[in-house]
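Number of protein chains: 2
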Amino acid sequence: MKKITRNIVFIVSGALAFGVVPSAAAFEALPKQPPIPKDNPMTPAKVELGKQLFFDPRLSSNGTLSCNSCHDVTGSGTDNRAVSVGVGAKTGGRSAPTVWNAAFLTAQFWDGRAATLEDQAKGPILNPIEMAMPDEQAVIDRLSSIPGYKEQFAKVFGGTNALIYDNVAKAIAAYERTLITPNSAFDRYIKGDKKALSAAALRGMKEVQAIGCTGCHNGVNFAGPALPMGQGFYQKFPTFTDNDYVKKFKLDEDVGRAMVTKNDADQHMFRVPTWRNVALTAPYFHNGSVKTLHEAVRVMAKTQLDKDLAGQQVDDIVEFLNSLTGEFPKQTLPRLPGTPNTALINE
Amino acid sequence: MKKITRNIVFIVSGALAFGVVPSAAAFEALPKQPPIPKDNPMTPAKVELGKQLFFDPRLSSNGTLSCNSCHDVTGSGTDNRAVSVGVGAKTGGRSAPTVWNAAFLTAQFWDGRAATLEDQAKGPILNPIEMAMPDEQAVIDRLSSIPGYKEQFAKVFGGTNALIYDNVAKAIAAYERTLITPNSAFDRYIKGDKKALSAAALRGMKEVQAIGCTGCHNGVNFAGPALPMGQGFYQKFPTFTDNDYVKKFKLDEDVGRAMVTKNDADQHMFRVPTWRNVALTAPYFHNGSVKTLHEAVRVMAKTQLDKDLAGQQVDDIVEFLNSLTGEFPKQTLPRLPGTPNTALINE
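Order-wise, the sequence lines are chains Y and W. The numbers in my numbering rise by one with no breaks, and the one at position 95 of the first sequence is 95. The numbers in my numbering rise by one with no breaks, and the one at position 197 of the second sequence is 197.
These aren't lab readings, by the way, just hints derived from the structure by calculation. Any given hint could turn out to be false.
Computed list of lysine-lysine pairs in DSS-like fashion (alpha-carbon distance at most 25 angstroms, straight line) [as the list claims (entries may be wrong)]: (1) Y:Lys330 to W:Lys330; (2) W:Lys155 to Y:Lys330; (3) W:Lys155 to Y:Lys291; (4) Y:Lys155 to W:Lys330.
Label-pair distances were calculated between CB atoms; the ranges are [what the hints assert, rightly or not]: (5) W:Ala45 to Y:Pro329: 18 to 24 angstroms; (6) W:Lys191 to Y:Met229: 53 to 59 angstroms; (7) Y:Lys248 to W:Gly123: 35 to 41 angstroms; (8) Y:Asn243 to W:Ser144: 16 to 22 angstroms; (9) W:Ile164 to Y:Ile164: 47 to 53 angstroms; (10) Y:Lys195 to W:Ser144: 29 to 35 angstroms.
Listed next, the stretches of chain Y that the computed footprint assigns to chain W, with coverage defined by at least 3 CB atoms under 8 angstroms from CB atoms of chain W [unchecked claim]: (11) 73 to 85; (12) 323 to 335.
All C-beta atoms in this analysis are idealised placements derived from N, C-alpha and C, irrespective of residue type, glycine included.
With the rest of the complex left out, here is chain Y (with noise of 0.2 angstroms):
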């Protein structure tokens, strides 16, 4: 069996490298805001033009697809397949994150390919297995063929020249920096409500620090602890092989990081997810393989710390993860521009 201490598992992150001591005891109320980019500033209307194109299927080929049909912010913000369909029924092989408190983090995709919300927005409008426009200038020249786009681009963005691809990103970054789920049952516990957590929950808040799951969950998003934008936090996964799981679910097929960076350090290297909010995104994992969360618990254990657990350790932790499971804001339903008189899709 190959077997590799905490710290090396560390020193791969790459955390170390960067002065970034992680700490296993940090629990952290889940803020209200998250980080605003200096170039990317909230007002309402931007707010409100994002959330029309992340609901809007004219950003895919054939108009089918929109941002939120695979990140569906009237649920968990995944869509709770193992891997998303994308125009023409492709599939690729990761499943897709929760857009949900997304904004927290400081690298997008499973690999961290996408430093910011901003660059993350632009890669699935483009990719040819999910909403397959040819490229960002058939984006711009569907969407200036909307009027209400047009307006509220120049009104939002400003200049003769705002509705460009940077833009579309920003606005829907935007949108998507409201996507905040305060006020768990953990949160409330955190802040001084003892009440908040069952026995169980706190078992099981016990559990995930003794077993060593908080080294690196860890960080407001439970994904690691904070980082610079653009700095992502890695782990292998798996890290210890030599267990059925990783064949029952194909967990070392995907080289992860490694493919964006073709570095043999980045092999099976992904982002830690967010711990918020996973009692509603299953299936689980970077493929969607695992359909339940005891079985992801008892998965994580054996893979990133070579542990078998308990049928009560996996419950209370389970029980602890439920209470991650935050307040979703309500939203109003948005209003997409038309094309008075004309079909804009032509298939």
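Please build the complex by placing chain W on the supplied structure of chain Y, with the hints as guidance.
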């Protein structure tokens, strides 16, 4: 050239057979409330449940399509495609009609094969080229796996057997009866605001009467006269077939209502569609073959009335049709109940 008189058009429609004589001068404002069936009274809790179901992709076999995917209430109530894309990227032959104001229709689907919104809602969920659920029981099994739905069905419909397919349809229909767009410029004009319509729209308003369009497009929804619920108002389309449009737009390839009734008299008979919000619902006709409203007006004049319109006539009629775009009610985004710790879609 095959010519038939207007009277014959009405006789084949079946309208006269039921003693209803359409009035060519019938201009009526849209009521704020549609007819409510006695066996499905509206309650806020039922409407809210119906909205959740309308937006829930778990009503499709692979969890990717909701009612809203093809009848998008963030926009025109259609998908603005020629034909919709179902599970597995399958497509059919008919364009999705708008859900806005569908509550005023006395028959649903292009061929009127559903008498009510309740009947209609049951169709696409089970259609193998649409949402592709295998059967009613599979829908009930899936919804029964979602605790939040079980609770709501019990609360809304009562009894121990509340989660049945009939009630799924009732809840969706109750929500759809809130999708009404009053206060269009036309409606304000009819109610006395004589400045609500432009000079061009007023010319168009006279044209549609003079040419004969309102022989069929009359009533509150411009979809025909008031008929008993379940009795559709049908017309033959195309009526005049000796023109280039019929071949170009493949208008005679679909036998329409005859597919349902197996009655030769129903060959090429279609439910007369609404004019309300028609500016937003391109592309046009049962097969979505016509991309602009200007062209649709020319096609209708030629195929139904054997008339070639001048450019000014077309422009004026389009201006009038644009005055039928109503006010879309503000809605809250639904929150779909989850399946904590478990994936519901297993593929």
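Enumerated hints in conflict with the structure, sorted upward: Violated hints (numbers, rising): 3, 8; every other hint is consistent with the structure.
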